[in-house]
Structure formats: structure tokens, C-alpha cells
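*Asks:* Listed below, chain by chain, are the residues.
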Amino acid sequence: MKYKINFNLNNEEIEHYIDPNRTLLNMIREDFDLTGAKEGCGAGECGACTVLLDGKPVNACLVLAIEVEGKDILTVEGLSPGNKLDELQISFIENAALQCGYCTPGMVMTAKALLKENNNPTEEEVKEALSGNLCRCTGYKKIIKAVMDIVEKGKH
Amino acid sequence: MKNFQYFKPKSLKEASEILSKHKGKAHILNGGTDLIIRMRDRIIEPEVVVDIKEIDELNSIHLNKHGELIIGACVNLNDIAHNKIVDENYDFLSKAAHMVGSSQVRNRATMVGNICNASPLADTATPLLALDAKVLVYGAEGKKEISIHDFFIWVRKTCLKIGEIVIGIKIPSYSNDILGDFQKISRRKMVDLSTVCGTVLKNGDDIRIALGAVSPTPIRLRKTEGFIKGKELTEEVIKKALEVAVSEISPIDDIRASKEYRINMTKVIIKRGLKKIRQKNLALAEG
Ligand SMILES: Cc1cc2nc3c(=O)[nH]c(=O)nc-3n(C[C@H](O)[C@H](O)[C@H](O)COP(=O)(O)OP(=O)(O)OC[C@H]3O[C@@H](n4cnc5c(N)ncnc54)[C@H](O)[C@@H]3O)c2cc1C
Ligand code: FES
Ligand code: FES
Numbered sequence: 001m002k003y004k005i006n007f008n009l010n011n012e013e014i015e016h017y018i019d020p021n022r023t024l025l026n027m028i029r030e031d032f033d034l035t036g037a038k039e040g041c042g043a044g045e046c047g048a049c050t051v052l053l054d055g056k057p058v059n060a061c062l063v064l065a066i067e068v069e070g071k072d073i074l075t076v077e078g079l080s081p082g083n084k085l086d087e088l089q090i091s092f093i094e095n096a097a098l099q100c101g102y103c104t105p106g107m108v109m110t111a112k113a114l115l116k117e118n119n120n121p122t123e124e125e126v127k128e129a130l131s132g133n134l135c136r137c138t139g140y141k142k143i144i145k146a147v148m149d150i151v152e153k154g155k156h
Numbered sequence: 157m158k159n160f161q162y163f164k165p166k167s168l169k170e171a172s173e174i175l176s177k178h179k180g181k182a183h184i185l186n187g188g189t190d191l192i193i194r195m196r197d198r199i200i201e202p203e204v205v206v207d208i209k210e211i212d213e214l215n216s217i218h219l220n221k222h223g224e225l226i227i228g229a230c231v232n233l234n235d236i237a238h239n240k241i242v243d244e245n246y247d248f249l250s251k252a253a254h255m256v257g258s259s260q261v262r263n264r265a266t267m268v269g270n271i272c273n274a275s276p277l278a279d280t281a282t283p284l285l286a287l288d289a290k291v292l293v294y295g296a297e298g299k300k301e302i303s304i305h306d307f308f309i310w311v312r313k314t315c316l317k318i319g320e321i322v323i324g325i326k327i328p329s330y331s332n333d334i335l336g337d338f339q340k341i342s343r344r345k346m347v348d349l350s351t352v353c354g355t356v357l358k359n360g361d362d363i364r365i366a367l368g369a370v371s372p373t374p375i376r377l378r379k380t381e382g383f384i385k386g387k388e389l390t391e392e393v394i395k396k397a398l399e400v401a402v403s404e405i406s407p408i409d410d411i412r413a414s415k416e417y418r419i420n421m422t423k424v425i426i427k428r429g430l431k432k433i434r435q436k437n438l439a440l441a442e443g
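Chains as they are written, first to last, in our numbering: chain V, 1 to 156; chain R, 157 to 443.
Here chain V stands alone, though its shape is the one from the complex (with noise of 0.2 Å):
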């Protein structure tokens, strides 16, 4: 059976019908071509599927669709609007602080949950809130400097 649900994603106002045996991870890509948000382990353990609900950065494979009735979700789509990137995603780009790209969209989700909440973090404290996300081929090196690039310039 199917339940209808209502929930806010990346600033719109949404109503769809869902059988609760479904992830809000595997919604939000197959339902809503949103894309981003990738199924590393579908576990929890890799951070791929990194979105905020309710301003926050949970795991979508953790989390079930039908959870989110009445919630915000924001996606790395949602991120910023129209075709404008958003600085973080300028700041990965300048950084190449990515490679095959698989586990981007959850680290610029992550940080920027990090950054709203403190907009000084120590280069400790980027590190430690990425410590969900796991990325196979960078290093994390340049992840870490586009985030502190942001701190720096105090841009946010």
C-alpha cells in the first residue's frame, strides 16, 4: 500500500505517494531524477548519500522516504538556484578537490551543514565533520583545503 506524504524539497512544496518499504535515497533519485546523492554502501558508513533534512546531514540510505513527511530536504541540486554554483562547489572546482566525482555532492553537503552551523571552524573540526564521508581517490587533502578556502575568505 502506498502513503501519501507531504515535504518540502530543495524549496518546493511536494505531495507524492510511497511504499514505506522505500529509502529516502532511492526516492529522491528514482522519483525526482535527483541524482546526486549517490548509494556508495547503503549502509551509512560512506557519506555518498549525504542530505540535509531539517538543515542537518543524515544518511539517505538510512533513513526511510515516508520519514520525511513534513520535513525539509535539501539536496546538493538544491544547493544553490537557477545555474549559479554555490561557493563551496566553485571551491571544489578550484581546489580539484575531486577526481571520479562519486562522493562529492555528500561532501559539499556536508561541509555546508558544518559551515551554518560554525562559520569558523579549526581545519580539526572540517576534518572531523567529514569524517562520514569517505572519497577513494582524492586523499582528502584538496576536500579539506576547499573548505577552508571558504573559512579563510570568510566568504559564507
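Some clues are possibly wrong.
[Said to hold, decoys possible] Below, a sample of chain R positions facing chain V; criterion: calculated Cβ distance under 10 Å:
no., residue
1, 232
2, 234
3, 260
[Said to hold, decoys possible] Result set (DSS-like, lysine-lysine): computed pairs, CA atoms no more than 30 Å apart in a straight line:
no., chain 1, residue 1, chain 2, residue 2
4, V, 127, R, 240
5, R, 415, R, 395
6, R, 345, V, 141
7, V, 71, V, 2
Because the hints were derived from the structure by calculation, they are not lab data. All figures in this text were calculated on a predicted structure; none of them were measured in a lab. All C-beta atoms, glycine included, are put in the ideal place defined by N, C-alpha and C.
Since the structure of chain V is already known, use the hints to place chain R with the ligands on it.
*Replies:* Below, chain R with the ligands alone, put in the same frame as chain V:
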């Protein structure tokens, strides 16, 4: 994941009725960080899932009128770790909450889910055992309190009966300043399960030791505590205490570590904790 019926009751009564009606076929959904994985892997296939997060009274942390700290069942681990009352009074409990998984996991996972899951390595179990916490339970006969010492029965098994819901955790009010030390030894510094974890706590002259991942449930080391009682924490006493501790645990070999390694890490955790207490005692003696 097999499909199921989903309920989101607004009251404990309603939740308990749904659980009782569907007997063993219904499972409680809290943060879901354990449950959803087990459903995904088809280890469990509930017909009914009861999401308890909309029940208002399960969502707060507060001191009650007796000065006891109440941690609601649905408060997530980040909110517990960052809570001022928790951090000021029991910083080792904050630390244990903070050491679970990643920030993404802690935004969902709860302390009550952590103990209800009853893993031998549950990180928040040892500070609760050391604090003599109570588990507040709602069931068909109303509310009751269960000592945390009676709560864990076996690996993944608690004493909860069908239809019972944990409302929260109660930490007794202590007149002394508590000095506690939580330690987690794992292969990776962050986002890893404990190879061994433990809490060493001093309440007045009382020293308490609790360990995780060294027996089928998290445990208190009563013999070791008894051995230390009334003794000055000299090198010799600490050394003997570690021998007593080893006699009280029954660690196993698994993917994370060997039995021998766990025995050694048990000693490390207790030694560090006792030395921290000894330092504090010295500082107090010097005034
Ligand atoms: C990537 C990852 C890393 C992790 N790292 C750690 C770690 O470092 N340390 C650690 O200890 N754990 C870790 N865990 C395990 C897990 O996150 C914790 O056990 C968590 O605290 C469980 O809480 P929850 O609210 O998500 O529980 P849920 O998954 O919702 O529930 C767990 C179990 O408890 C039952 N339950 C929940 N609430 C109640 C209630 N109020 N009354 C009765 N029964 C209830 C459920 O029915 C279920 O059986 C990790 C998990 C993941 C996915
Ligand atoms: S896919 Fe969700 S954490 Fe890996
Ligand atoms: S860029 Fe490939 S996983 Fe991070």
C-alpha cells in the same frame, strides 16, 4: 527490503496497542540506524513498523524535580552530546555519545536505540552502567523503571517484553562531583565500532568500572571494583586490579580483534581510568 505497514502514533498508549496487536511481527523504529540496515539485509522482515518519533514526551532532555536527568528515547546522539546539562555533569557520557558513528549517523541515532539494540559494544552502555542509570519503560500495565543492570540479557537481547516501549533513560542525581573517563579503542579514530570501550568513574570513594565488547553484554566489573574498594591506588594495587579485571571478562576473537588484544586493551582502559582518578585524588589532597 520487504514491504510493511507503517504507523506513526502520537501517544504511547496508541503505540503500545499497535505493538501488542501485532505481537512479534511489529518493530519499533527510532533513529533507524540499526533497524533499517537489518531490514535491508532481510535479517528481520517486520510486517508492521511503529515510528515513535512523533510522540512528544520522548523528545526532550531535562532535569526532573528530583534533579534526575531524563534523556528522552527519541533525542538523537548529537543533541545529547551537545546538551549543556549532560556535558557539564557527565562529560564522559557526552563523549560516548559523540563517539558513535559519524555526524550523519548521530543526527538520526539515539541513545535509547543504542541500548535497545543491545550490542555488546554499544558505546553509550558503559557510562550508563557506571552511572547506575534506570531505563524508563511504558507497557500494557503502565510505566515502570528497570535498572540498567537488569536490562541487557544477551547479545542483541534485552529484558523488554512485546508491547513495551522505552520512554527514556534516567540518571540518578549525585551529590558528589562525578569524575568519569570514557575510552573507545577502535581500528580507525572516527566512524568505527569499538574493539573495546569502557568507563571508569569515581563517585566519592566509590570507583566503578564498566566495559563493552568483552562479554556477551556490556558489563560492570564488580569483582575488580570490590578489590579496589578502600585501597589507595598505588602501582601495585592497579596492577593487581588489572589481573582481577581479566578474570571477569570473556572476550572473543572476531573481525575487529583477537581475544588477546581485547584483554590487553581492557587493561589499558582500566589503567588509564584509574590513573586519572589517582591524579584527581592527589590534586584534592593537595587542596
Ligand atoms: C555507519 C554506522 C556506524 C555506527 N557506529 C556505531 C558506534 O560507533 N557505536 C555504537 O555503539 N553503535 C554504532 N552504530 C549502531 C547504531 O547507530 C546505534 O546502535 C544507534 O544508537 C541505534 O539507535 P537508533 O535510534 O538508530 O535505533 P533504531 O535502529 O531505530 O533501533 C534499534 C533497535 O532498538 C529498538 N528500539 C529503538 N527505540 C526503542 C524504544 N524506545 N523502545 C523499545 N525498543 C526500541 C528497535 O526496535 C530496534 O530493534 C553505527 C551504525 C551505523 C549505521
Ligand atoms: S550510501 Fe548512504 S552512507 Fe553509504
Ligand atoms: S573523488 Fe572519487 S570518491 Fe572522492
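*Asks:* Tell me, in ascending order, the numbers of any earlier hints that this structure violates.
*Replies:* none
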